[in-house]
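Trainee: In case you want the letters, here they are:
Number of protein chains: 2
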Amino acid sequence: MSMFNKIAIIGLGLIGSSVFHAARRRQLGTELAGYDINDDVRLRAKAIGFANIIHDDLASCVQNADLVILCTPVGAYKSVAEQIAPHLKKGAILSDVGSVKGAVIRDVGPFVPAGVHFIPAHPIAGTEFSGPEAGFATLFDGRWAILTPVAGGDPAAVEKLKSFWQGLGSKVDMMDAGHHDLVLAITSHLPHLIAYNIVGTAHDLEKVTEGEVIKYSASGFRDFTRLAASDPTMWRDVFLNNREAVLEVLGRFNEDLSQLQRAVRNGDGEALFDLFTRTRAIRRAIVDIGQDTAAPNFGRKS
Amino acid sequence: MSMFNKIAIIGLGLIGSSVFHAARRRQLGTELAGYDINDDVRLRAKAIGFANIIHDDLASCVQNADLVILCTPVGAYKSVAEQIAPHLKKGAILSDVGSVKGAVIRDVGPFVPAGVHFIPAHPIAGTEFSGPEAGFATLFDGRWAILTPVAGGDPAAVEKLKSFWQGLGSKVDMMDAGHHDLVLAITSHLPHLIAYNIVGTAHDLEKVTEGEVIKYSASGFRDFTRLAASDPTMWRDVFLNNREAVLEVLGRFNEDLSQLQRAVRNGDGEALFDLFTRTRAIRRAIVDIGQDTAAPNFGRKS
Chain G
1304 MSMFNKIAII GLGLIGSSVF HAARRRQLGT ELAGYDINDD VRLRAKAIGF ANIIHDDLAS
1364 CVQNADLVIL CTPVGAYKSV AEQIAPHLKK GAILSDVGSV KGAVIRDVGP FVPAGVHFIP
1424 AHPIAGTEFS GPEAGFATLF DGRWAILTPV AGGDPAAVEK LKSFWQGLGS KVDMMDAGHH
1484 DLVLAITSHL PHLIAYNIVG TAHDLEKVTE GEVIKYSASG FRDFTRLAAS DPTMWRDVFL
1544 NNREAVLEVL GRFNEDLSQL QRAVRNGDGE ALFDLFTRTR AIRRAIVDIG QDTAAPNFGR
1604 KS
Chain Y
1304 MSMFNKIAII GLGLIGSSVF HAARRRQLGT ELAGYDINDD VRLRAKAIGF ANIIHDDLAS
1364 CVQNADLVIL CTPVGAYKSV AEQIAPHLKK GAILSDVGSV KGAVIRDVGP FVPAGVHFIP
1424 AHPIAGTEFS GPEAGFATLF DGRWAILTPV AGGDPAAVEK LKSFWQGLGS KVDMMDAGHH
1484 DLVLAITSHL PHLIAYNIVG TAHDLEKVTE GEVIKYSASG FRDFTRLAAS DPTMWRDVFL
1544 NNREAVLEVL GRFNEDLSQL QRAVRNGDGE ALFDLFTRTR AIRRAIVDIG QDTAAPNFGR
1604 KS
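Residue numbers (the numbering used here), protein chains in the order written: chain G, 1304 to 1605; chain Y, 1304 to 1605.
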């Protein structure tokens, strides 16, 4: 009575392993089959046991699967799509979890065989940890998953994938890939780029030691280090594959920062106070709709 | 047997009220006396009851106090110092909790009467909440407090203030005010400025609605909104009073960001991967010394 007979997941990191955990929780698939290109990751995934079987080759993993989800860094999609295409079952859904969608359609689309339903997807969920040990069943609970169906796709397949993500715990939205990439550029990609940058700047200062930065990090800096601890390969691929949208929002960020810099230089207290007041409302709205905790300091214990 | 007979705290927000809670926990003062310029805050402070007495005027609050701590926004220090100076007891310690130290010495120093020990201090602790209800006894536990004693000060008074902050739960460091201001510019002031800026940028975009930014904020953006929800008056005063150090580290941040922007534009995956790998180590070091939690997503529940 599962939603799918066989679910195949390619790439067994934080997201791939979490999809397994969450699918198993609600029995969304009869057979859960996994593959990872890394020998060691496959061994660890077998030991953890979140899948029914971990295959040593891509073809066996996707063979006869009703749902195939790409969970590798997006830079690997093209090669994976090319390799699995001949082995995909007619009527199967091919999806993914990548943080960019336009590039995924560009890279995967050409390899999708007739009769296979290609529906790109992106769960807005994650942590700063990576690897098969990092996954857990509740990762998607209450988070949004965005589907970006391609033109001419099968509405029934889209509905089925939507139900799958709801089964994993998510709320589901639909939008076109281009808009997704712009929305995520401001809500995710720019924040990560800025976090990586400021941690790099702090690291490179000569007049303040790294030891001082680390000791006194509870004054704000530590928050940025969490994002800046995210998986380097995944994030490299995001920036290589969402260049235009990232550069667009970065341009806006830079304009605003120049203005703010001028306010600091000129001692313009009114401009500073005005901005610092406006930004409070957004935090409240995020907490109000349950996308963050109301507890001070994120409720952390140390 | 308390460390001080009377402790007077001017300004009953997050930090002032937390000092009271923490001082009471270890009985560091026999009489805890508070004052706030805001009528409503005084009423609420009385209702909460963290002090023995809330005064309606500055003079009565500091009268006969052995320790006076300024906990108002730093922009108010000069006026407060001028008003309390005639009422300070000989031998008293006058300290503060401001996020900048050079400007505090500039503003308060000239009013300190002979025989009063002026020792600026800064606890590296806080939350995004403000007001007398926001304080709690454990805020300073395991966090650093930095003292920036002025030249020619009394070493015994410095030792006593150090013991006081240790009694509140802090670890204590000493440094000169100028270095403090540079260290905090990178660990605290720049992170807040950047957080305020990015939240402002997201708010002002036309192509992405505020509703979308809020809904999909769990992908990174929400972390910045916490810092950007901090008290506007406090932060206005920080930027007005640590201009040079903030502009110096902001200059470095901008240089690094230009380089990163170029790497994105040129599709330089190696440069991106290299930076994203280096920054992970700093996160690990912060968690290792207990200045942040190791739990994924700061251990938050939503």
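Check before you lean on any hint, since a few could be wrong.
For identical chains, the list gives no copy identity; a pair is met inside one copy or between any two copies.
[As the list claims (entries may be wrong)] Under the rule of at most 16 Å between Cα atoms (straight-line distance), these lysine to aspartate or glutamate pairs were calculated in the EDC-like manner:
#1 1349 <-> 1547
#2 1474 <-> 1360
#3 1349 <-> 1359
#4 1381 <-> 1559
#5 1463 <-> 1476
#6 1510 <-> 1551
#7 1393 <-> 1591
In short, the hints are calculated from the structure, not lab data.
Keep in mind that this is a model prediction, so the values were computed, not measured.
Trainee: At most 16 Å between C-alpha atoms: does residue 1463 with residue 1476 qualify within a copy, between copies, both, or neither?
Mentor: within (14 Å within a copy, 59 Å between copies)
Trainee: Between residue 1349 and residue 1547, at a C-alpha cutoff of 16 Å, which is it: within one copy, between copies, both, or neither?
Mentor: neither (39 Å within a copy, 56 Å between copies)
Trainee: Please sort residue 1349 with residue 1359 into within, between, both or neither, judging by C-alpha distance up to 16 Å.
Mentor: within (11 Å within a copy, 68 Å between copies)
Trainee: Can you tell me if residue 1474 and residue 1360 fall within 16 Å by alpha carbon in one copy, between copies, both or neither?
Mentor: For residue 1474 and residue 1360, the Cα distance exceeds 16 Å both inside one copy (33 Å) and across copies (54 Å).
Trainee: Between residue 1381 and residue 1559, at a C-alpha cutoff of 16 Å, which is it: within one copy, between copies, both, or neither?
Mentor: neither (37 Å within a copy, 32 Å between copies)
Trainee: State whether the alpha carbon distance between residue 1510 and residue 1551 is at most 16 Å within one copy, between copies, both, or neither.
Mentor: between (33 Å within a copy, 11 Å between copies)
Trainee: Reference check for the pair residue 1393 and residue 1591, CA-CA at most 16 Å: within, between, both, or neither?
Mentor: neither (44 Å within a copy, 51 Å between copies)
Violated hints for the displayed structure, listed by number in ascending order: 1, 2, 4 and 7.
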